[in-house]
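With the hints as constraints, model all of the structure from the sequences given.
Okay, here's what each chain looks like letter by letter:
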Amino acid sequence: MSDEEDQHMYQNEEDDEGLGGGEEEEEEQEEEEMNENVSRKSKPSRHQYDDEDEDEEEEEDDEDDEEEEEEEEEMHGRKGKKRAKHRHRRSTVSKFLDVEAVVSDDDEEDEEEEEYEAEGFITNEHDVDESLTRRNHALLDSARHFEEEDMRSPEEIARAVASRHRDRPAPYSGDMNEIPQRLLMPSVHDASLWQVRVKPGRERDIVFSLMRKAIDVEYSARPLSILSAFQRDSLPGMIYVEARSSKQVQEACNGLVGVYPSRGIHLVPIEEMASLLQIKKQETNLVPGMWVRIRRGKYAGDLAQIMDLTDTGEDVGLRLIPRIDMNPRDDASLDPQGKKRKKPATGAGSMRPPQRLFNYEEIIKVYGRKNVSKRQQAFVFQNDTYKDGFLEKDFKASALISEDVNPTLDEITQFTRKQDGTDDSLVNLSVIAEASRKAAIAVLQPGDHIEVFEGEQAGVHGVVDEIAGDVVTITAQGLDLDGQKMEIPARSVRKRFKPGDHVKVMAGQNADETGLVVSVSDNVVTFVSDMTMQEISVFSKDLREAAEVGSGTNAVGNYELYDLVQLDAQTVGVIYKTERDSFRVLDQHGQTRLVQPHQISMRRDSMRSIATDSEGHELRVNDNVKEIEGEGRKGRVLHTHQSFYAFLHNRDITENGGVFVTRTRSLASLAPKSNVMKAVTADLSKMNPSMVVPTGGMVGSGNMGRGPRDRDIGTTVMVVKGPHKGYVGTIKDSNGPIARVELRTGNKIIMIDKSKLYRRYPDGKLEALDKFPMRNAPRNGQFAVPASPMQGGRTPYNASKTPNPYASSDARTPAWNASSRTPNPHMDSRTPAWNASSRTPNPYAADGGRTPAWNVSSRTPNPYATGANAGAGAGSGWQTPGRNASGWQTPGRAGASSGGSSSYGGSAADGWQTPGRPAVPSWESSWSAPTPAAAATPGLLSGQTPAYTAPTPAAHPYTPGPAFSAATNVPTPGVGGFGNTYSAASNTFDLGDSWIFDPQLAPYVKRIKVRIFGTVKDSEDFTPYEKRVARIVEVDDSYFSSGNPNERRVKVEFLDAKGEESKSIPTKYIVPVPPTYTDQELVVLAGRRKGEVLLIREHPEDVDGASAAEGGIGTSGGRASLKDVDIVVSHKTTPSDVDTVRIRAVGTFV
Amino acid sequence: MAAIPPQARSKHLRACLLCSVIQLPADFKKGGCPNCEEILQMKGSGDRVSSCTTTQFDGVIAVIDPDASWVARWQRTAKYVRGMYAVRVTGRIPEDVELELERRNIKYRPRDQTDQD
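Protein sequences appear in the order of chains A and B.
Just so you know, we're using our numbering here: the first sequence kicks off at 2 and counts up by one.
Just so you know, we're using our numbering here: the second sequence kicks off at 13 and counts up by one.
If you're looking for bench data, these hints aren't it; they were derived computationally from the structure.
All C-beta atoms in this analysis are idealised placements derived from N, C-alpha and C, irrespective of residue type, glycine included.
Hints are supplied without guarantee of correctness; some may be wrong.
Short derived list, chain B residues pointing at chain A, Cβ under 10 Å [what the hints assert, rightly or not]:
1) Q19
2) L36
3) T66
4) D70
5) G71
6) A84
7) T89
8) K91
9) R100
Listed below in structure tokens is the structure:
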């Protein structure tokens, strides 16, 4: 009651004067109350008079409370002496009221009055007198009250009374308690219950939300019209709303999160309404002695035994095996306070300590003696009590799991053994049985053989017919009861097994184990496992009769029986037995271990591992072998490891599931090897990775069909489906149907299904990958047919293994160059050339004497093949320059070139020299440069001009200089050469240095701004000039004539240092400075518009001069230039004559 | 009107053993039980609150219109204030309260649904 209200009431009283005689009693009460109220208001002053109240604040509060209680008592007219006392203690300040109170006291019994006096409370005479006078006043006053009161209507009086009584405790009547529950059943006049689906777990929140919502909108325009809503813990995902119609429910639920009215608002049938409120959780009454588990915290999941319970059942005293951290952190052990604080942190984050009985000696060793105190029989440590080694601790009942506790044998033996100090297993088992009996009922199934072990029918056994709740109906067997049906409480029966039964474990640690029963003692059945031949004891409740043998499953997680698995860096093992959630593994040292799936780092694949047996034969998985020493065990090879260990399997061996490990060198094949090759060659070649793969298709012990890893590797493909559709790339690797494709664009490798890839030929034709490659197509034909240069009828296979003999002669054939130079056979297999040649049959062997290069062209069915001889065809011959280019890439070539073509023999020389010189008219003028010497100049190594090799005739106008350089350079041909050839599509362009000598450009050469570039890489002499800008002043003929092709030089004058002497710089370091701004004048140095002076119209943003110049360096080899961009140019005088040129094919003026 | 706890999930929600109203212990201490304070006298006494209320209850009812609600009538809370009530409350009121009820000839019905008639 707030003071304000008091005030209000007080005023009420004042106004309401004069109450009728009948109401006097009540009025009196009210006035008394009022007195109190007033007196309380004047409490501060009261302190001055009242000794008792001069105590502490707290006491004052207490008193306050008492007053309140008292007040309530008064309400019911029960005026205790206590009250009287208080009244007199009360204020003398509000004396008027006090006196008034005494008046009412007159009505009380004498007894009270006596006591009142006996206490001698009124000691002050003056006080009494005063009170007497007051009494008169009061009488007068009350009379006045009554008069006033009379003037009001009874309704007003009633209202006043009602308002006074509002918000104060009403007397507890319990008036609804007399009605029997059955009379409260819902009738048709009651509102209905509606079931509403809600988000599971949010039921309670939603009921609360509904309540709050109802209050919120109570006085709004649209109050909720539902009457109630409730939720039951046992009915997850739904709440029930009491309302007259579903529409009202809908409105109420509208806007609440987690309510799904869309899933239907269902009416609860009237007869089910009561049961919704009567649902009772299956209560497991906690009883001392029973087993429970701890729900959470350090002991989560641990078994505990109930020792005692509080009356409310909220707190439970448990006994459990402690988990004391025996390696506490230093600071923790030093400072008990700190430890207490840190304990939760360590408990949560770190591993929880293992279960261990409390050992006084050990604890004081770790924590010190003063941290452990002894009290009677128990120790107190860290505020916990330990008795007999167990922790005795109170837990909240809600923190315990009492259902499905299923204590295991191990757990309970831990408890009981420690308890008695003896190992009385039988007693223990019966304890467990008792504990888990309840669970036993659940596992009974019709058809089970059971026996009755307690009660009247003890000893009877039979077959379960039917189970209804806790009662099973059995058909008894044996003796006089045979065939009789009887009903037995499920608690009193247990499954019955007899020695000789074949059983399977259904639950627990040994689940899925099968075996033969050897002995039965009460409810503990011992059987011999089929798998391990060990005796296992389990409860009969966990057993079923079963015919099957062995564990049910062979796979746990990702691992299966007989998998070779990596256990740690040094150890691998083979799984020889799978258990419920673990494996038995035999490692390579012959040791067995039990591992969990998480302890296995990976599964190993020994399909590709190579090992040889004692005779040097290859040892492969699935070979049948036997030991030649030791026990002479036979077996099938499961896995080999590091060429040294072999894991064998033999069903006849019982140990370790038939798996054993031996050394490969002590094994011999059981099956005779029929392969002749095998017998002859006990070679090590297979050990050599560089030789293994080519053999694959030819020889092999158990695996004849094994070819190269994947023929498609290296193939140029185009993606025909999916997000990368249209992209071209090269297959880098493949794994089953998935290929890793390196895209030309973006230097990206993607994983893609092979079915989405089509082989792409340089001419743009596409073909499904699974089709055989077009071997004799013109493209490959050059190599495929003539490229078998092997002498003496060697098989291609052999040839590939011994590349050296061909170094001089065969090296000229492109195919062989490619393969022989690349040590990695896989790489070879990527090139069609390799495939082609390796498959080429012998017929060409006889032609070994011919120069392969010559063969290449002459044999090619292509018309241009003859172009080597005839100028006419040469033009077309250049259309496949990639081939030719690589064809000429012999290292010997460069050296030979200066000496002319003699090393190739006449025809070869012809073939080499002729290509297209007369064929391309645009060369005419520039052809002076490409003498053989020039062509062979490593200075031109920068070659590798895919642009040049582009199959379009448009490429021809480019100067031949680059062409030759392309042909001559490529120090790493092989795959690189081919790969690049195929990737000719990439638009790299290299100017080379021939422009310097180009007569067409002669007028401009000395005006062109050049830069020294690339000296850092290979020439220290010229490094100081690197990146300097210069102008060519003179072609240095002295070098030119010296015949050293590497050293064609020009004299340059550096623009940044006037007066400095002109320097002679090799042409290979000289690159034109590209244009940098729009409208700059430039001269085209190569291409269609060679020699023209143009203006730059559009300059690509991303090209700055430096990077362009960098890109412009003729990096020898196949590295594509990074900045190969076109710029838009137009003619100076006729701006409409717009064209594009390569930025690197132009030069700017000084 | 009973105090409506702001959080439904609160672990501290307590239900009155006599009338099953659910409030926070602080509310019980501050204002007593809105229905049976007269007999339980919990106001201001934490001990009294913990002996006359419990956390062990099951099911929550939002009683919005006690007079008209059948649910409230079935739960025998129809005469009580609006508020949150528990469907089932485990435990019994303290003995002194039980004696007092007996003295007043009020039949005590435990709220744990043990005796249905």
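Each hint, compared with the structure:
Among the interface hints, the one on Q19(B) holds; its C-beta lies about 8 Å from the nearest C-beta in chain A, closer than the 10 Å criterion. A cut of 10 Å between beta carbons decides the hint on L36(B): the least distance to chain A is about 12 Å, and the hint is violated. Restraint check, T66(B) versus chain A: the minimum CB separation of about 7 Å is within 10 Å; hint holds. The interface hint given for D70(B) holds, since its Cβ lies 5 Å from the closest Cβ of chain A, which is under the 10 Å cut-off.
The closest approach between the C-beta of G71(B) and any C-beta of chain A is roughly 4 Å, which is under the 10 Å cut-off, so the hint is satisfied. Taking 10 Å as the C-beta contact cut-off toward chain A, the hint placing A84(B) at the interface holds, the least distance being around 6 Å. For T89(B), the shortest C-beta to C-beta distance to chain A is roughly 8 Å, which falls under 10 Å, so the interface hint holds. For K91(B), the shortest C-beta to C-beta distance to chain A is roughly 6 Å, which falls under 10 Å, so the interface hint holds.
Hint status for R100(B) relative to chain A: holds, with the closest Cβ pair at about 7 Å, below 10 Å.
Hint 2 alone, counting from the list given before, is not met by this structure.
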